[in-house]
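> If you read the sequence shown in UniProt numbering, its first letter stands for residue 1, the second for the next number, and so on.
Simulated from the structure, these hints should not be mistaken for lab results.
Since the structure is predicted, the reported quantities are computational estimates derived from the model, not experimental observations.
Cβ atoms here follow ideal geometry from the backbone N, Cα and C, with glycine treated the same way.
A portion of the hints provided could be inaccurate.
Said to hold, decoys possible - DSS-like mimics (lysine-lysine), calculated; alpha carbons at most 30 Å apart, straight line:
1. Lys257 - Lys281
2. Lys113 - Lys9
3. Lys12 - Lys113
4. Lys257 - Lys107
5. Lys9 - Lys107
6. Lys281 - Lys368
As the list claims (entries may be wrong) - Derived DEER-like restraints, expressed as beta-carbon distance ranges:
7. His46 - Lys9: 15 to 23 Å
8. Lys9 - Arg54: 24 to 32 Å
9. Arg108 - Ser283: 34 to 42 Å
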Amino acid sequence: MSNVGLQEKADKRGRFGSFGGRFVPETLMNALLELEAGYREALADHAFQTELRRLLTEYSGRPTPLTLAENLTRSIGGAKIYLKREDLNHTGAHKINNTLGQGLLAKRMGKKKLIAETGAGQHGVASATVAALLGLECRVFMGEEDVRRQRLNVFRMELLGAEVVPVSSGTRTLKDATNEAIRHWVSHVEDTFYLIGSAVGPHPYPEMVKMFQRVIGDEARAQLLEREGRLPDEVIACVGGGSNAIGMFTAFLSDNKVRLTGVEAAGAGVDTDRHAATLTKGSPGVLHGSLSYLLQNEHGQVLPAHSISAGLDYPGVGPEHAYLKESGRVRYTTATDQEALVAVQTLCQQEGILPALESAHAIAEALKLAANRSHQDVVLVCLSGRGDKDVESIRQGLEGLHDESD
């Protein structure tokens with residue numbers, strides 16, 4: 001396909017094509033307009049950009065490395081596989097890129113309190129970290145099911161001084177935590193900044209998160225040009241809300257020969273009702289303030305999502321991903337829980353790298369694609385986070401796989 005005219009920023013209505021916008025209570029409109037004005041001013045402010053670059057370098061540890069997965073490449077016998085190592089960021093995931101940007105913006109706008117939602121806990125940990133660094137109060141909303149699955153990250157957030165608020169409504173996962181965060185924000189907009197963790201929500205959040213995450217792709221593109229003297233043939237990233245994927249893809253949107261692939265969580269399989277494959281099986285609708293694809297029934301009621309990965313267990317997706325799907329620029333596919341677990345084992349045992357369950361979905365797709373490509377081809381994968389937080393879920397999942405094979 002051609003991407004001539006592909007829209008890389010939201011339009012004046014906050015939309016990517018027909019997706020995005022602001023579908024919020026009237027009480028939030030002024031807060032969103034204030035946020036957009038503050039964000040635009042910060043982007044144009046050299047001092048803000050300099051301070052953000054300093055923190056990304058001196059505090060988070062950027063640039064993150066680009067690692068050639070030599071053993072994996074050799075065993076597969078196909079394309080070279082490179083990993084963009086966001087797992088080596090401070091706090092262990094790409095989430096810190098966005099939280100540093102939004103945290104600085106909150107302080108610049110005079111807000112004293114941060115609120116955040118989290119699923120796998122990585123965004124919550126990154127928010128708590130930035131709040132401690134910048135001297136801000138922090139409250140993190142988290143579904144009770146995710147509190148159970150991610151106890152280590154709950155403790156990390158509390159140790160950093162944040163208050164973790166368990167959410168008991170609905171499926172007790174990320175969607176419900178986001179609902180509670182929005183409800184809280186409606187009542188506390190005067191002194192509170194809502195630090196959204198993915199490229200979702202009402203305008204300007206999807207565009208803003210993308211801009212703070214595009215450092216992933218910009219770095220990877222330059223690093224690969226230096227290492228290989230060429231661009232990759234394929235770029236792969238996992239997609240829940242879609243922040244690491246949009247951060248990675250943005251650098252390559254204009255490179256028509258570079259194929260872009262987003263991998264959603266198929267859970268128990270897309271032919272069951274236990275998956276989180278929003279773009280693959282969903283349809284357009286409104287969730288958490290914007291129009292995008294979501295899992296819903298014929299009456300427009302949001303359906304529960306499932307994934308072994310708490311970070312992908314979300315029934316919606318960022319509106320720019322919906323636009324990129326419909327434009328044809330990005331191909332979206334799926335990986336099951338089982339495929340993700342096999343990918344975790346493979347990367348651990350062949351490269352000595354423990355990936356987050358989210359990232360393992362992208363690895364699973366890379367294993368399939370690289371095997372069918374030539375030795376001259378290059379596959380670039382965003383390793384969005386490390387898997388320490390998922391060890392218990394991985395252990396239980398692998399025991400289940402072994403039981404099934406007995």
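> Of the hints stated earlier, which fail here?
4
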